[in-house]
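Colleague: The lines below spell out each chain.
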Amino acid sequence: MRQPKIIVVGGGLAGLMATIRVAEAGVPVELFSIVPVKRSHSVCAQGGINAAKNQKGEGDTTQKHFDDTIYGGDFLANQPLVKRMCEAAPGIIDLLDRMGVTFNRTPEGLLDYRRFGGTLYHRTAFAGATTGQQLLYALDEQVRRHESEGRVTKREGWTFLSAVIDEGGIGRGICAMDLRSMEVKTFPADAVIFCTGGIGAIFGRSTNSVVCTGSAQSALFQQGVDYANGEFIQVHPTAIPGEDKLRLMSESARGEGGRVWVPRNPADKRAAKSIPEAERFYFLEEWYPKYGNLVPRDIATRAIHRIVYQEKVGIGGQAAVYLDVTHIPRETLDRKLEGILEIYEKFLGVDPREEPMKVFPAMHYTMGGLWINDQDQATNVSGLYAAGECEYQYHGANRLGANSLVSCIFGGGIAGPAAVKYARNLEKGAEAVDSSVFAREQKRQEELNQALLSQQGSENPITIWKELGEIMTEHVTVTRINKNLESAHTKIKDLQARYRKINLSDRTTWSNQTLNFARELDNMLVLARVITVGALCRNESRGAHYKPDFPERDDATWLKTTRAKWVSNDIQLTYEPVDISQIPPRPRRYDAAK
Amino acid sequence: MAEGKQVIVKVKRQASPKDAARWEEFALPWRPSMNVIICLRDIAEHPVTREGKQTNPVSYDSNCLEEVCGSCAMVINGKARMACSALVDQLEQPIRIEPLSKFPVIRDLTVDRQFMFDSLKRVKAWIPIDGTYNLGEGPRVSPEVQEKAYPLSRCITCGNCLEVCPQVNENNNFMGAAIFSQVRLFNMHPTGAMHAKERIEAVMGDGGIEDCANAQNCVKACPKEIPLTESLAEINRQAWKQALFGWLVG
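If you're matching them up, the sequences are chains A and B in order. First residue of the first sequence: 355, per my numbering; consecutive thereafter. First residue of the second sequence: 699, per my numbering; consecutive thereafter.
This is chain A alone, in the form it adopts within the complex:
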């Protein structure tokens, strides 16, 4: 029998889980990653991972987790995979526990659980406040074991450029670039699983890591892989502003009792701690008495924007509110939140155990992503699969905190075996594809590099990128107004025109980071337009997508998935129905119990 071969692109949680599952099936797998996989962005996830284990005797069930997720996502998610994910979540926690994740424990030696946004149950397992790091390491270690036993080949320091798609429209492998030698090369495979993560860089500054550019997703989109619900962008309510990055301050700070407030009088010059209770405005608790500080992220983010921009009571008139954990015992803070408090202390030089933190919302996550089916993570191009943040299936119009880690591991866990099954059933494998198919793709990519290296222009890629980030952050995040979206779209197209005149300040052919960044920027500009156009067309408010001119959710017109296609070198939006077979839509409100 023919031995199939699988490629996984991206070594975060989803990619590692997919890799492990393929290796376990006895199929050779090649794992591509820009960075050593242990440095993937999953390490930044802080607060925890959800599973309805009901270990606090609150009557939690996987059905309630499913309902919270669908409701939190404002009914935009297709329900079959979400249901399966919530049912699988307790088993995923058990697996991670067996892999040795240093989860926090109860006195009985069981896993401890904390509360998170959008639920009333203690459903979130955690390892201090560096849960993503701990989970990623556990999977990284398992992959290293498979690697040492010869089942996995890692190609770290390679960046994905494009898929190799044959005349029949079937994915047959990838074209990638070695970031040291800048060599462009094709790699045949019977199936490819894309786990290429988030797109934060499109917004300039975000909570995401440097590698989260969405370049791979965009390249695939321009090769015919559809992109769904791009307009749904999660802005996290609490981050530390910074010039290079907006550093996340996890929801777990509120899960452990942290409170968000501003001085009632914005001119109040006193130190936060000396402002008496009566003169503090705990706006989330006042506006949302049932969920309080643990309303979902879109709600908390809009509330903070309202405080700062409409009520004009941000701290000292600035765009900031207090996130206060100073009332929580120091011992509890060190045991459960040390990782994030340390970040605040290191980067701002202020101890958040003593002084309330100053925070503001930041772009954090894309609910939208590559279109995949609702069965087994397959895209619309045969042989190409996707899992993790780069696809769109699990979070609807807004993701609940601590659901991303579980969706990555679940999605990667089903993509692996699905790709193996597909590859085994192929009549003709990648090895039988004419070599000219690969040669053509390699030539196309080499020519793109050559053009960039040789052209003489006047534009700097970093300058264009910064402008893109400003446009996207101002007009395509929290509040969306059609005329602003239209002008943002025009401006992005102007940036595309300027991109064609870029001048690389580095024309060398060894470890040229400028060339790689320019390639990514080209793709970012396309994906930015998909997001903006999607937002422009959707005239309603749903989850993270908020239009003051259309303030209500409009199920009659807009209970549908946006599915962007690349047709004749341009974006074409199509729509398809949402699978609501399990839970009928109902109004979403967090000021009272649902």
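Heads up, none of these hints are tricks.
No farther apart than 27 angstroms at their CA atoms in a straight line, the calculated lysine-lysine pairs in the DSSO-like style are these:
hint, chain 1, residue 1, chain 2, residue 2
1, B, Lys-703, A, Lys-820
2, B, Lys-716, A, Lys-539
3, B, Lys-751, A, Lys-855
4, A, Lys-845, A, Lys-820
5, A, Lys-797, A, Lys-539
6, A, Lys-700, B, Lys-710
7, A, Lys-410, B, Lys-846
8, B, Lys-895, B, Lys-846
9, A, Lys-508, B, Lys-819
10, A, Lys-700, B, Lys-703
11, A, Lys-837, A, Lys-919
12, A, Lys-700, B, Lys-918
13, A, Lys-820, B, Lys-708
14, B, Lys-800, A, Lys-508
15, B, Lys-710, B, Lys-751
16, B, Lys-751, A, Lys-820
17, A, Lys-847, A, Lys-919
18, B, Lys-777, A, Lys-700
19, B, Lys-777, B, Lys-710
20, B, Lys-708, A, Lys-700
21, A, Lys-700, B, Lys-846
22, B, Lys-716, A, Lys-508
Treat the hints as calculated values from the structure; they're not laboratory data.
Using the hints provided, position chain B relative to the given structure of chain A.
Modeller: What follows is chain B alone, placed relative to chain A:
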């Protein structure tokens, strides 16, 4: 750029492993809360030296920018540390930025730390589970053990502990404190402990625990404040025990 406060940065450049190293100096506009990464990004946007000479952007590794991915380790003003958390206002100027010296330079500030990942492979730094299928919960662990294990599991493989270790040099294959600390972590876990002997065997040969000369620089250089010297002492103890009594337990 003449008026206004400036940040003076000196960067050690090297075009490729074959080229010689040289220094370049840059004058950047000061802003509040700058870190070394922001300096390197400024240079990338305007790659012009202080003398006005056009140059290339500096090649460097970075990813999370919040000291949890381990990418951006460099030698800054003579000290091995993470560039993202190196705040300009806390550094003496000119700020001297060099690549880690104990790893092969690829270009400028990027180095190849594959040695560390290979070492993790050598010492079998994992819990050997039977498979990812459903086998129920893991072993119970007391909060005390968890509180000991968790700090060890925060190692970001940055390489700073190797950089400052006199035993990591061209005449020695010493794996470095981070690796031994991982061995301690996995030997501490109830399932991992079943295979502790294999890991201890792996740290007894060339480059192993015997080569530690107890300089104790590692623990001071660790950005995650991991108790590395405790780990080294513990693995040394486990290795001696296995060497002395190993034949008894077979």
